[in-house]
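Novice: Sequence:
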Amino acid sequence: HGIKQLRSGWADGPAYITQCPIQTGQSYVYNFTITGQRGTLFWHAHFSWMRATVYGPLIILPRRNESYPFIKPYKEVPILFGEWFNADPEAVINQSLQTGAGPNVSDAYTLNGLPGPLYNCSG
Numbered sequence: 096h097g098i099k100q101l102r103s104g105w106a107d108g109p110a111y112i113t114q115c116p117i118q119t120g121q122s123y124v125y126n127f128t129i130t131g132q133r134g135t136l137f138w139h140a141h142f143s144w145m146r147a148t149v150y151g152p153l154i155i156l157p158r159r160n161e162s163y164p165f166i167k168p169y170k171e172v173p174i175l176f177g178e179w180f181n182a183d184p185e186a187v188i189n190q191s192l193q194t195g196a197g198p199n200v201s202d203a204y205t206l207n208g209l210p211g212p213l214y215n216c217s218g
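Start counting the sequence shown at 96; every next residue gets the next number (this note's numbering).
FYI, nobody ran anything at the bench for these hints, they're computed from the structure.
Every value quoted in this text rests on a predicted model; they were computed, and no experiment measured them.
Hints may be right or wrong, so weigh each one.
[To be verified] Have a look at the derived ranges for each label pair, beta carbon to beta carbon: (1) I174 with T130: 25 to 31 Å; (2) T148 with V124: 19 to 25 Å; (3) N207 with A182: 20 to 26 Å; (4) K170 with G97: 36 to 42 Å; (5) S191 with T130: 27 to 33 Å.
Idealized CB from N, CA, C, for every residue including glycine.
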């Protein structure tokens with residue numbers, strides 16, 4: 096969702112709804128056509144706790160010989176923020192289901208899947 100998939104919308108959805116889940120140790124290749132779209136999005140899993148741990152950037156660039164709709168950046172670096180929970184994932188999910196609220200505050204945050212001081216932000 097978020098990308099207009101031509102003739103392959105069935106491949107964009109949760110396990111057991113639009114397709115079978117990808118089994119542990121297996122892979123699945125998504126082939127779809129993108130027309131008239133560009134930008135930075137992200138993909139993520141829809142099954143159980145993988146929703147919070149399986150994600151990544153999806154960058155749609157202009158076609159070759161087509162210009163950006165803005166000045167082309169000198170450099171681009173995808174940055175993804177994530178959450179890290181030290182608790183049992185099922186306990187976190189069950190608490191959310193019982194309260195109807197989101198999970199408790201995470202124990203840590205990640206940048207591009209990694210914790211800690213990874214980037215020199217002091218300038």
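Novice: Against the structure shown, which of the earlier numbered hints fail to hold, in ascending order?
Specialist: 4 and 5
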